[in-house]
Amino acid sequence: MTCATPCAAATSRPLRPLRECSGWNPSLKLTHNGATDFNTGDAIRMALDIGAAPVGNRSGCHAVAWERNAPEFGDLAVGDQFQKHSYPWGIYINAEGERFVDEGADFQNYTYAKYGRVILNQPGQFAWQIFDAKVKGQLRDEYRIKQVTKVTANTLEELVKKLDDVNAEVALKEIKAYNAAVKTDIPFNPTSRTAAAPKAWPSTNPTGPTPSTPRPSRPTPSPAASLSLSELVGGIFYFNYPGGTGLTNGAVFGKIAGASAAKQAAKH
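Quick note on numbering that gives the first Met the number 0: the sequence shown kicks off at 0 and runs consecutively.
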């Protein structure tokens, strides 16, 4: 059996400023915002107004695969469960029915933030994640929430016809070509990367899809004087983001900002 779920782009950084600043990255106009609709970027604008230096490439973004039919803004009841990060166990298919990225190039924590950007560059800014029933047990809990959009089928021929906005004929050929290339003589080990072709994770016969599109958030400006934006300090993350490093970044710059603020307060 096979199944599928669609995802869409979302931003976890200010939505309205991104839409206003189309010169930074026009493609972000169509993304969703993982945060509240009150997160309009006013603090960032105030920082710029008092002389904060914008550092880094502001056309970039931290983008991840996100439920395509999620609301425009974040949902407190769902939280970040709209994200879809089990792609190493299956394959991505875009609107043209083509596979466009090596889903198993590395562990998910090292690729999820840059693959969202790849999806953002696909036709229609969406894709489908396709999984075989045999890897259902490997999928993250975010695939089991009731808000997930998905389709299932018992054959690939039936499945591709259920993928909204996808060239079914090309998709069928692409999936069959992938299956034929997988090295079935290599034991499947979900805890270790292998050299199986055509990608690192040898998940054979993917027949159940989950469509995904990215959730982007652009790098923000660096601080001026004693002002610090902690984890949002620009110029550190752009092309990729290893999971968890934002916490370290926030802790380091937060400590520096706190020490600086204390020194300023002691002078008055």
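Simulated from the structure, these hints should not be mistaken for lab results. Computed from a predicted structure; not experimentally measured. There's no promise every hint is true.
[What the hints assert, rightly or not] With a cut-off of at most 30 Å between alpha-carbon atoms, the simulated DSS-like pairs for lysine-lysine come out as follows:
id : residue 1 : residue 2
1  : K175      : K161
2  : K175      : K113
3  : K133      : K161
4  : K160      : K182
| message | Check the hint pairing K160 with K182 against an upper bound of 30 Å on the C-alpha distance. | response | 27 Å, holds
Problem - Pair hint K175 and K113, alpha-carbon separation not exceeding 30 Å - result: 27 Å, holds
| request: Given the hint that K175 pairs with K161, test it: the Cα-Cα distance must not exceed 30 Å. | output: 17 Å, holds
Going straight from one Cα to the other, do K133 and K161 come out at no more than 30 Å? Judged against 30 Å, a Cα distance of about 20 Å means the pair holds.
Checked against the numbered hints given earlier, the structure satisfies every one of them.
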